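Chains X and B are the protein sequences, given in the same order. The numbering used here puts the first residue of the first sequence at 1, with every later residue one more than the last. The numbering used here puts the first residue of the second sequence at 1, with every later residue one more than the last.
Since the hints were made in silico from the structure, they are not lab data. Computed from a predicted model, the values in this text were never measured in an experiment. Be a bit skeptical, because a hint or two may be false.
Think about it this way: if two alpha-carbon atoms lie no more than 20 Å apart in a straight line, the pair counts; the simulated SDA-like pairs of lysine to any residue are [stated by the list, open to error]:
1. K87/B with R47/X
2. K87/B with F45/X
3. K193/X with E386/B
4. K87/B with S49/X
5. K332/B with S171/B
6. K353/B with V343/B
7. K353/B with A161/X
8. K193/X with L329/B
9. K48/X with S155/B
10. K48/X with V163/B
11. K353/B with G154/X
12. K193/X with D324/B
13. K332/B with R187/X
14. K48/X with D86/B
15. K193/X with K332/B
16. K332/B with G180/X
17. K332/B with A86/X
18. K193/X with P387/B
19. K332/B with I170/B
20. K77/B with F91/B
21. K328/B with L90/X
22. K332/B with Q196/X
23. K197/X with L329/B
24. K87/B with A46/X
25. K328/B with H186/X
Ranges between beta-carbon positions, derived for each pair [to be verified]:
26. L344/B with T176/X: 19 to 29 Å
27. P336/B with A205/X: 33 to 43 Å
28. M225/X with R53/B: 34 to 44 Å
29. T176/X with L369/B: 26 to 36 Å
30. G180/X with R53/B: 48 to 58 Å
31. F399/B with K197/X: 36 to 46 Å
32. P336/B with Q198/X: 22 to 32 Å
33. I375/B with S172/X: 31 to 41 Å
34. P406/B with A161/X: 50 to 60 Å
35. Q198/X with G288/B: 51 to 61 Å
36. R188/X with P207/B: 36 to 46 Å
37. T34/B with V136/X: 50 to 60 Å
38. G180/X with P336/B: 11 to 21 Å
Ideal Cβ placement from N, Cα and C applies to all residues, glycine included.
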Amino acid sequence: MSALAAVPAALPATLASTGQTSGGEEALFWILAPIMVIAALGLLFARKSVHAALCLVVVMISLAFIYVAQGAVFLGVVQVVVYTGAIMMLFLFVLMLVGVDSADSLVETIRGQRWIGWLAGLGLVAVVVGVIGTAVYPNPVGVEEANEASNPVGIAHAIFADHVFAMEVVGSLLVTAALGALVLTHRRRLTTKRDQKQLADLRVAGGHHLAPLPAPGVYARHNAMDVPALDPFGNPIESSVPRVLRVRGQEADASEYAARIDRVLAGRSATEPPAGPDVEGEDDK
Amino acid sequence: MLTAAVAPVTADFSQETWWISVIKAVVLVVFLLTSVLFAIWFERKVVARMQVRPGPNVHGPFGLLQSLADAMKLLFKEDMTVTAADKIVYFVAPMIAVFCSLLTFAVIPLGPVVNLFGHQTPLQLTDFPVAVLYILACASVGVYGIVLGGWASNSTYPLLGSVRSTAQVISYELAMGLSLVSVFLVAGSMSTSQIVSSQTQIWWFIPLIPAFVIYVFSMVGETNRLPFDLPEAEGELVSGYMTEYSSMKFAWFFLAEYINMLNVSAVATTLFLGGWRAPWPISAINDGMFNHGWWPVLWFLVKLWAVMFFFVWVRGSVLRFRYDQFMKLGWKVLIPAALGWLVLVALVQGMRKFWEIDRSVLFGAAGVLVVFIVITAFLPERKKPEPPPPAKPEPFDAFAGGYPVPPLPGQVLPPSPRRDRQRASVGAQAQVASSPDAPSETDPTTPEVHGG
Numbered sequence: 001m002s003a004l005a006a007v008p009a010a011l012p013a014t015l016a017s018t019g020q021t022s023g024g025e026e027a028l029f030w031i032l033a034p035i036m037v038i039a040a041l042g043l044l045f046a047r048k049s050v051h052a053a054l055c056l057v058v059v060m061i062s063l064a065f066i067y068v069a070q071g072a073v074f075l076g077v078v079q080v081v082v083y084t085g086a087i088m089m090l091f092l093f094v095l096m097l098v099g100v101d102s103a104d105s106l107v108e109t110i111r112g113q114r115w116i117g118w119l120a121g122l123g124l125v126a127v128v129v130g131v132i133g134t135a136v137y138p139n140p141v142g143v144e145e146a147n148e149a150s151n152p153v154g155i156a157h158a159i160f161a162d163h164v165f166a167m168e169v170v171g172s173l174l175v176t177a178a179l180g181a182l183v184l185t186h187r188r189r190l191t192t193k194r195d196q197k198q199l200a201d202l203r204v205a206g207g208h209h210l211a212p213l214p215a216p217g218v219y220a221r222h223n224a225m226d227v228p229a230l231d232p233f234g235n236p237i238e239s240s241v242p243r244v245l246r247v248r249g250q251e252a253d254a255s256e257y258a259a260r261i262d263r264v265l266a267g268r269s270a271t272e273p274p275a276g277p278d279v280e281g282e283d284d285k
Numbered sequence: 001m002l003t004a005a006v007a008p009v010t011a012d013f014s015q016e017t018w019w020i021s022v023i024k025a026v027v028l029v030v031f032l033l034t035s036v037l038f039a040i041w042f043e044r045k046v047v048a049r050m051q052v053r054p055g056p057n058v059h060g061p062f063g064l065l066q067s068l069a070d071a072m073k074l075l076f077k078e079d080m081t082v083t084a085a086d087k088i089v090y091f092v093a094p095m096i097a098v099f100c101s102l103l104t105f106a107v108i109p110l111g112p113v114v115n116l117f118g119h120q121t122p123l124q125l126t127d128f129p130v131a132v133l134y135i136l137a138c139a140s141v142g143v144y145g146i147v148l149g150g151w152a153s154n155s156t157y158p159l160l161g162s163v164r165s166t167a168q169v170i171s172y173e174l175a176m177g178l179s180l181v182s183v184f185l186v187a188g189s190m191s192t193s194q195i196v197s198s199q200t201q202i203w204w205f206i207p208l209i210p211a212f213v214i215y216v217f218s219m220v221g222e223t224n225r226l227p228f229d230l231p232e233a234e235g236e237l238v239s240g241y242m243t244e245y246s247s248m249k250f251a252w253f254f255l256a257e258y259i260n261m262l263n264v265s266a267v268a269t270t271l272f273l274g275g276w277r278a279p280w281p282i283s284a285i286n287d288g289m290f291n292h293g294w295w296p297v298l299w300f301l302v303k304l305w306a307v308m309f310f311f312v313w314v315r316g317s318v319l320r321f322r323y324d325q326f327m328k329l330g331w332k333v334l335i336p337a338a339l340g341w342l343v344l345v346a347l348v349q350g351m352r353k354f355w356e357i358d359r360s361v362l363f364g365a366a367g368v369l370v371v372f373i374v375i376t377a378f379l380p381e382r383k384k385p386e387p388p389p390p391a392k393p394e395p396f397d398a399f400a401g402g403y404p405v406p407p408l409p410g411q412v413l414p415p416s417p418r419r420d421r422q423r424a425s426v427g428a429q430a431q432v433a434s435s436p437d438a439p440s441e442t443d444p445t446t447p448e449v450h451g452g
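With the rest of the complex left out, here is chain X (with noise of 0.2 Å):
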């Protein structure tokens, strides 16, 4: 695995002045780029939200792959960083809590939508295209002079010195958006919060239970959450078994459980039906 990592190292210069690739790029321009189109279609079709998010994942990391191989070191790890560490991750974050089962609903609820999707995924095509087509592309100057005091440096200079007003531009409109993010969610405390103390003493003073309730389960026999558990003496705890078992009268009969004990004291079988008065009377155990 640590070998993958040798990539980037033999990498620096790739793309030589001539404007032709290494064939070590080429060949994983032609791995990397079937393996991005099949993920790339997997985002559209998949039926899950999940898979969805991972085949991006997948064309992210690739994409990642692609520009460190043309020497773009820096934007290639900080897209891995940013992208797949942190946004992709918020994203799962909100998609894992749909769960596994659930496919999402292929009903379409704006009218129309698929013809405005149309219409604007030509228009994308279209100005792409135009772009595409009308370039003027200068003469490649290589790789080596753009990453001439490395690459990290040669990209802030770019950044903080070339085009540092658009620059500070995107950074207010990143701060008033987390401003504004912060200020839509803010709520106003009505009341005090409690802090861990006053919530304990709280507890004490209304004399509720103070430590966890006893599990249920007989663990000898049973571990069903319907089954009391027993106290030292053998009597079953009421309140070992769940309260919304106890509310719909789904617990186990606790006094069947208690005759069982008595039964087992008395030396005969548990599960022995309660028949008439034992006539041999085992009083010996």
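With chain X fixed as given, assemble chain B onto it according to the hints.
What follows is chain B alone, placed relative to chain X:
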């Protein structure tokens, strides 16, 4: 202190051949796997000593083979797959966790240039200008293993564990990244070899002690270790995201967790504790003899295991945090502190670089600031005004300002006439029901008794 970031990477890989890279990679993987076996034994032994008991001492000398026996046991256990699981993701998740954890050590410098089979090569698989960011990237992808494993199990506790893990990673990685940035600023590089070579004069944990403390907090949070092991808190979530895993798949998660501990310890060593450099009195011996050749591997391992010991020490002595306390620590303490510290470091570095202010002036200013803070700490505090006595519950005006409004906290609703009527009618029914001849309608369904 401020090194000009001209050369992207200090380590010289010019004599590297492909087979040297392969040897290094294989040695790293073997080193990590055996270190995990040792770490499990180490942890059990140290925790046992802290709890005044012997710990594993049966298999092999000092019980050293105990973790090998445990690993064998895990291998031969039944490999179960949950029926309702999302099969592919369930299977892939442990692999993601392990593979990503194995990637980090590729950029950790274990030593300076040595002679390996006639080739001069640094004791480091690779290095590039953004090596530390690469470590962060591997760590953040590795968490996908935990998150997906919990989700794919299709079970409540694992899902809760993985949701916790997501939130934990997002919040603690921020603090971790910010604390590392101050090292980048003073070292002038993000390449691990250059960060190590920038610590010739002083190890960064001394001038950057706040960043180091923040890093230590967040590295424990990042590796899901006590007191921050909330994704797998056994008292709350059985075993968190690993609950539905068994046999080898469980072992992979286990492996990933311990390799991650080694990873963050190695990062702490490299970035803050001088990397492979010998500690001060030793480094001065014989013109730095112990900083050359194979000696530095020893210092690196000593520092690595010192940090590992810290992990175990913390685990043995600190209780698990409550989840809200944990989140509060991350967002309200660590991240603001890291941001503030980063601004301070950036200011100081900027002053030194652009205004060429002398170091002694800066130290003097810092001293004055510290004295000022200490003096203000001794000033008597102004007494806070007594909080007003709690007001009596106000009568509730349901039409305050002419509109129907809900009651505010502290306001009491007037007695509801409808409830009184309901109570009265229920009371009358109960009286009828309790008469001896009436058939009992409140009899619950027949209680079930389990056989056996």
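Enumerate the violated hints, using their earlier numbering and listing them in ascending order. No numbers; nothing is violated.
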